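With the hints as extra help, turn the sequences into a complete structure.
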Amino acid sequence: MRADVLADPVSPDVAAGSEPSEPPANHMTRASWLTRWLASVARGLGGFAALALVYEGLSRLELVNPKLLPPSSVVLPRALEMAFDPEFQVEVWATLQAVLVGVAIACVIAIPAGLLIGSYTKVATATTPIVDFVRSVPGIAIIPLLVLIMGQGLSMKIAVVVYVTLWPLLFNTIYGVRGVDRVAIETARSFRMGPMRTWLRVVMPSSLPLILTGVRLALATGLTVAVAAEISVGTRDGIGYYILLQSYAGLHHDAVFAAVVLAGLVGFSLNWLTTVLTKKYVAWDSRGVQ
Amino acid sequence: MSILQSRPEADASAAAAPRRRQRRMRGPVQQPHFLAQQLLRFGPAIALVALWQLVTTLQDSVFFPTPVAITQRVLELWFSSPVTSFFVTDAFWTDVVPSVTRALTGWLLAAVIGIALGLVAGQWVKAAGFIDPPVNFMRSLPKPAIVPIFLLVFGANDAMRIGLITFGCIWPVLLNTMQGVRSVDPSFRETATAFHIPAWKTFGRVVLPAASPKIFAGMRVSLSLSLILMVLSEWMLAENGLGYFLLDSQRRFQVMDLWAAILLLGVIGYLLNVVFLTVERRFLRWHHAISLVG
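Protein chains in written order, with our numbering: chain A, 547 to 836; chain B, 292 to 585.
Simulated from the structure, these hints should not be mistaken for lab results. The model shown is predicted, which means the values in this text are computed figures rather than measured ones. Among the hints, erroneous ones may be present.
To be verified - Derived CB-CB ranges, DEER-like:
#, chain 1, residue 1, chain 2, residue 2, range
1, B, LEU326, A, ARG582, 56 to 62 Å
2, B, ALA327, A, PHE737, 30 to 36 Å
3, B, ALA447, A, LEU823, 37 to 43 Å
4, B, SER371, A, PHE679, 21 to 27 Å
5, B, VAL388, A, LEU823, 51 to 57 Å
6, A, ARG747, B, ALA341, 37 to 43 Å
Claimed, not checked - Some residues of chain B that are not near chain A, with every Cβ distance over 12 Å (derived):
#, residue
7, SER431
8, ARG496
9, ALA501
What the hints assert, rightly or not - Heads up, incomplete: computed chain A residues facing chain B, CB under 7 Å, no partners named:
#, residue
10, PHE594
11, PRO675
12, ILE695
13, PHE737
14, ILE777
15, SER778
16, GLY810
Cβ coordinates follow ideal geometry from the N, Cα and C atoms, glycine included.
Okay, here's the thing in structure tokens:
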């Protein structure tokens with residue numbers, strides 16, 4: 547993992563104030579990077595295969611009626627078929643839309659707020675009781691209320707996603723800002739950079755790894771809560787709607803399991819995508835990649 | 292996550308230490324400063340609630356009752372009995388107690404299973420590449436999507452609800468325990484080997500304590516997750532609990548009851564977090580002491 551990070555070329559823009567830049571990657575390191583990447587993918591697939599096999603075994607033991615708990619040899623082909631089914635893709639997109647818009651809005655609120663709270667101790671003291679209390683309300687609990695206020699459409703889903711993803715983004719930004727090298731900030735001050743420019747050029751770049759970690763966590767929780775909203779209130783589209791439809795109306799358990807697997811894959815690939823982006827853009831810092 | 296959580300705290304207290312020393316030297320200024328500190332801490336929160344009260348009173352909307360009215364409703368619903376029954380009403384025993392019991396049982400089970408599995412899996416460093424992707428996949432399964440499966444397999448009973456909470460809460464604990472065990476400083480292990488300390492003793496006295504900050508961080512994430520899953524599990528064919536109360540109030544269009552339940556859930560979540568942090572601080576006192584020095 548470490549070696550992969552170092553093999554990436556470091557752009558001079560973001561490398562300011564970090565470790566000395568690495569020598570340019572040549573073909574040898576690129577080839578070894580590729581084999582290492584392939585090896586890690588193969589290991590991951592091996593792990594997945596083991597998981598599928600264990601589940602297959604569990605299902606074949608027939609402790610539970612196999613119609614209720616279909617084995618992976620039934621679920622996986624069904625999932626593959628559904629992944630290319632345009633009808634199911636529409637549902638996935640309906641959910642993803644709510645997640646992406648919601649996380650984007652949460653970023654716009656949480657990152658500036660986090661910059662302020664992280665930079666000034668007084669702001670932190672003043673906001674801690676409010677944040678601690680509001681955060682304690684489980685996001686799912688506000689769904690029934692929002693349904694009454696906003697109806698069952700996209701705006702309700704987005705509102706829930708915003709509420710839930712605000713917290714990981716806020717806390718990671720705060721931690722990121724607090725972790726900024728004191729010397730870097732004092733250097734900026736001795737060059738008479740204003741607070742705005744210090745934020746943009748010093749604080750933001752060096753807290754970026756943690757902010758991106760926050761985005762990664764936010765996407766995962768956002769997906770969870772969007773599906774929760776769909777299942778609990780009966781929206782007219784989305785992965786949750788599809789699962790609900792198949793499990794109650796049709797009793798198609800293979801389709802339910804396949805949809806759950808695909809929902810997991812969507813979450814997993816969002817996670818993977820942000821990890822890759824984190825590695826690419828903040829390769830100079832290993833805090834974001836864990 | 293755990294590193295992210297522990298580091299800034301350590302930093303903040305380290306940075307605060309010299310300032311505190313200075314203040315002590317100045318002496319007499321301490322008293323007003325303390326008051327100002329309390330005002331700064333709670334002033335904005337009180338102001339916000341006051342503003343909320345003002346706006347909702349002026350608006351007089353059906354959907355947004357005043358905070359005073361919501362608090363009154365909470366007291367009326369759950370805490371309006373005489374002293375003989377410890378102030379709690381019958382509704383408290385059907386709404387709040389089953390919910391909290393389910394959440395905590397599920398969470399404790401998840402912690403025990405997650406830590407046990409994580410300790411074993413974490414020791415086996417070479418297997419990391421095989422174990423982590425499936426575990427990450429299981430963690431990113433949207434938990435609500437699993438609810439119908441648990442419902443189909445277990446039926447609508449407490450086993451299904453606690454099982455669901457446990458299933459959802461295991462992954463953060465498991466991942467953090469594995470990471471914690473893997474990131475134990477190799478020199479600690481080597482030192483233990485050099486002194487011929489038996490493996491089981493090394494495990495209990497070196498590996499487990501060194502991994503415990505991360506384990507606690509994972510358990511804290513799971514604790515808030517357990518409340519979410521508790522509410523979720525009680526939406527499906529339940530006859531008691533706060534989740535059921537929420538859904539029932541929604542069906543009856545009782546906006547005030549919805550707000551009351553949300554407020555109560557916030558209080559429960561806040562209290563659980565406070566208790567957990569107190570326990571954590573007690574257990575990890577040595578860790579904070581070390582990280583301040585180092």
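Exercise. Of the hints given before, which are not true for this structure?
Worked result: Violated hints (numbers, rising): 5, 7, 13; every other hint is consistent with the structure.
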